[in-house]
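A.B. asks: Here is what each chain is made of, one letter per residue.
Number of protein chains: 2
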Amino acid sequence: MRKLDPDKHAARRGQILNAATQCFAERGFHQTSTAQICAAAGMSPGNLFHYFPSKDAIIEAIVLEDSAAMAARSAELAREDDLRAALRRMLDEALASLADPLYRRISMELMAEAVRNARLFALVAENEAARRAGWRRLLQGAQAKGQIAAGAEPELLVDALLVQLDGVFSRLLLDGDFDLDRYRDLLEQQLNSLWRAA
Amino acid sequence: MRKLDPDKHAARRGQILNAATQCFAERGFHQTSTAQICAAAGMSPGNLFHYFPSKDAIIEAIVLEDSAAMAARSAELAREDDLRAALRRMLDEALASLADPLYRRISMELMAEAVRNARLFALVAENEAARRAGWRRLLQGAQAKGQIAAGAEPELLVDALLVQLDGVFSRLLLDGDFDLDRYRDLLEQQLNSLWRAA
Chain V
1 MRKLDPDKHA ARRGQILNAA TQCFAERGFH QTSTAQICAA AGMSPGNLFH
51 YFPSKDAIIE AIVLEDSAAM AARSAELARE DDLRAALRRM LDEALASLAD
101 PLYRRISMEL MAEAVRNARL FALVAENEAA RRAGWRRLLQ GAQAKGQIAA
151 GAEPELLVDA LLVQLDGVFS RLLLDGDFDL DRYRDLLEQQ LNSLWRAA
Chain U
1 MRKLDPDKHA ARRGQILNAA TQCFAERGFH QTSTAQICAA AGMSPGNLFH
51 YFPSKDAIIE AIVLEDSAAM AARSAELARE DDLRAALRRM LDEALASLAD
101 PLYRRISMEL MAEAVRNARL FALVAENEAA RRAGWRRLLQ GAQAKGQIAA
151 GAEPELLVDA LLVQLDGVFS RLLLDGDFDL DRYRDLLEQQ LNSLWRAA
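Here the protein sequences line up with chains V and U, keeping their order. Heads up: the first sequence runs through residues 1 to 198, numbered per UniProt numbering. Heads up: the second sequence runs through residues 1 to 198, numbered per UniProt numbering.
Rather than coming from a laboratory, the hints here were simulated on the basis of the structure. Keep in mind that the hints are not guaranteed to be accurate.
[Unchecked claim] So these bits of chain V aren't anywhere near chain U, every CB distance computed over 12 angstroms:
no.	residue
1	6
2	12
3	44
4	52
5	57
6	61
7	62
8	64
9	65
10	69
11	85
12	91
13	99
14	104
[To be verified] Below, a sample of chain U positions facing chain V; criterion: calculated Cβ distance under 7 angstroms:
no.	residue
15	28
16	77
17	115
18	116
19	119
20	128
21	156
22	163
23	166
24	171
25	177
26	190
[Said to hold, decoys possible] Over 12 angstroms on every C-beta distance to chain V, these chain U residues come out as not near it, computed from the model:
no.	residue
27	10
28	38
29	39
30	43
31	51
32	125
Even for Gly, the Cβ is constructed at its ideal location relative to N, Cα and C.
Just chain V, same shape as in the assembly (with noise of 0.2 angstroms):
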């Protein structure tokens, strides 16, 4: 048996995830086939199986790696010293991926397959978890540095922020008449009223 290197292990499966994303965010994963990913991954089909058995573990794998990224980035934010500053670069890293169309598609993608598939619904909601519990420190930890005031709750102040960028997510996504720039402003004094400094 051939040893593995696990570097190259796991940037070939990065590839694959990538490759894989960019597929279902074009054609959607019901219409898009193993062997239109590995074509664009550059490998061969029987390669891809080293990796993962199906197409359903690459749509698990797309939501778990999204996840882990998620607590990654909201980790190293809570390290910072000035958690007001780490929470505005949080909402500006979400808006950037609410601006890219391959995220909304893929997105989408992922909620509509998730409404029919118990399974996938789980890792969603799992997600969801995650961005929460990403959030939820930020906020607690800027409240007990005193960088922002703690008489709101937390949780209430985490609401608001995942209902705005939903339903900017939606907003983009649906509605011709929406511009993200003309919005952006209003976004953020609603935002900031709510983490006003203590």
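With chain V held as given, fit chain U onto it using these hints.
C.D. replies: Relative to chain V, chain U alone:
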């Protein structure tokens, strides 16, 4: 040829759309057969095709009916004297719809289907335009009557409203830790600060 009674025809059509909405929300569009819709509506398959030529035609009619209902409701509310109260009522009605799991499921099904079906996407986009137009009419009317402050751009007030409603929709659908009752006060507070009295 049998003569159709237009009232009876409209009533039967409405029954079919209600039955289909229920079926689609429970099982998804693709997993629902026209036979199941007929059974739920208590009619024979041959009879169904006097009303709708295909399952796609039923889906499209559901979106068109919703667009028409929204336009009618906002036109009705726009005729009231107190448009600030009318805005409140329209918001309460929108939140009541979001609190209904059947409404959430059918909305998700429509979005999921629309991202892969250009014809349905166009109807969903028109539905969104009708939603925007309804809110815009009430907000502009209230500004014109001096019932809310005239400072803010109506288009931006509509953005803020639809972002909140769509965000609440996503949270209720995906986030087991979101509680609409907990969030409601904050939502009203944020919107009231935009619609503040003139």
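A.B. asks: Hint by hint, say whether it matches the structure.
C.D. replies: So, going through the hints one by one against the coordinates:
1. The beta carbon of residue 6 of chain V is kept farther than 12 angstroms from every beta carbon of chain U, the shortest such distance being approximately 34 angstroms.
2. The claim that residue 12 of chain V is not at the interface with chain U holds, since no C-beta of that chain comes within 12 angstroms of its own (minimum 30 angstroms).
3. Annotated as non-interface, residue 44 of chain V keeps its C-beta farther than 12 angstroms from every C-beta of chain U; the closest such distance is 29 angstroms.
4. Consistency note on residue 52 of chain V: stated as away from chain U, and its beta-carbon is indeed over 12 angstroms from all of that chain's, at 23 angstroms minimum.
5. For residue 57 of chain V, the condition that its CB be more than 12 angstroms from all CB atoms of chain U holds, with the nearest at approximately 22 angstroms.
6. At the 12 angstroms boundary, the C-beta of residue 61 of chain V stays outside the reach of chain U, the nearest C-beta of that chain being 19 angstroms off.
7. A cut-off of 12 angstroms between C-beta atoms confirms that residue 62 of chain V is not in contact with chain U; the least separation is 16 angstroms.
8. The claim that residue 64 of chain V is not at the interface with chain U holds, since no C-beta of that chain comes within 12 angstroms of its own (minimum 16 angstroms).
9. Listed as a non-interface residue, residue 65 of chain V keeps its Cβ farther than 12 angstroms from every Cβ of chain U; the least gap is roughly 18 angstroms.
10. The non-interface label for residue 69 of chain V is consistent with chain U: the shortest C-beta to C-beta separation is roughly 18 angstroms, beyond 12 angstroms.
11. Taking the minimum C-beta to C-beta distance to chain U, about 23 angstroms, the non-interface status of residue 85 of chain V holds against the 12 angstroms cut.
12. Residue 91 of chain V, annotated as away from the interface, keeps every beta carbon of chain U farther than 12 angstroms; the closest lies near 14 angstroms.
13. Residue-level check passed: residue 99 of chain V sits 15 angstroms from the nearest beta carbon of chain U, beyond 12 angstroms.
14. For residue 104 of chain V, the condition that its CB be more than 12 angstroms from all CB atoms of chain U is violated, with the nearest at approximately 9 angstroms.
15. The beta carbon of residue 28 of chain U comes within 5 angstroms of a beta carbon in chain V, closer than 7 angstroms, and the hint placing it at the interface holds.
16. About 21 angstroms separates the beta-carbon of residue 77 of chain U from the nearest beta-carbon of chain V, more than 7 angstroms, and the hint is not met.
17. Given hint, residue 115 of chain U at the interface with chain V, holds; its Cβ is 5 angstroms from that chain's nearest Cβ, closer than 7 angstroms.
18. Annotation: interface hint on residue 116 of chain U holds; nearest CB of chain V at approximately 5 angstroms, less than 7 angstroms.
19. About 15 angstroms separates the beta-carbon of residue 119 of chain U from the nearest beta-carbon of chain V, more than 7 angstroms, and the hint is not met.
20. This hint holds: residue 128 of chain U has a C-beta 5 angstroms from the nearest C-beta of chain V, less than the 7 angstroms allowed.
21. About 6 angstroms separates the beta-carbon of residue 156 of chain U from the nearest beta-carbon of chain V, less than 7 angstroms, and the hint is met.
22. A cut of 7 angstroms between beta carbons decides the hint on residue 163 of chain U: the least distance to chain V is about 3 angstroms, and the hint holds.
23. Evaluation of the residue 166 of chain U hint against chain V yields a held restraint, the C-beta minimum of about 4 angstroms falling below 7 angstroms.
24. Satisfaction of the interface hint for residue 171 of chain U is found here, the shortest Cβ-Cβ separation to chain V being roughly 6 angstroms, below the 7 angstroms cut-off.
25. A cut of 7 angstroms between beta carbons decides the hint on residue 177 of chain U: the least distance to chain V is about 6 angstroms, and the hint holds.
26. A distance limit of 7 angstroms between C-beta atoms decides the matter here; for residue 190 of chain U the minimum to chain V is near 6 angstroms, and the interface restraint holds.
27. Every beta carbon of chain V lies more than 12 angstroms from that of residue 10 of chain U, the smallest distance being close to 29 angstroms; the non-interface claim holds.
28. The claim that residue 38 of chain U lies off the interface holds: its Cβ sits roughly 22 angstroms from the closest Cβ of chain V, which is beyond the 12 angstroms cut-off.
29. Listed as outside the interface, residue 39 of chain U is consistent with that label: its C-beta sits roughly 21 angstroms from the nearest C-beta of chain V, beyond the 12 angstroms cut-off.
30. Remark: the non-interface label on residue 43 of chain U is consistent with the geometry, its nearest Cβ contact in chain V lying 27 angstroms away (cut-off 12 angstroms).
31. Every Cβ of chain V is farther than 12 angstroms from the Cβ of residue 51 of chain U; the closest lies at roughly 27 angstroms, confirming the non-interface assignment.
32. At roughly 6 angstroms, the least C-beta separation between residue 125 of chain U and chain V is not larger than 12 angstroms, which violates its mark as non-interface.
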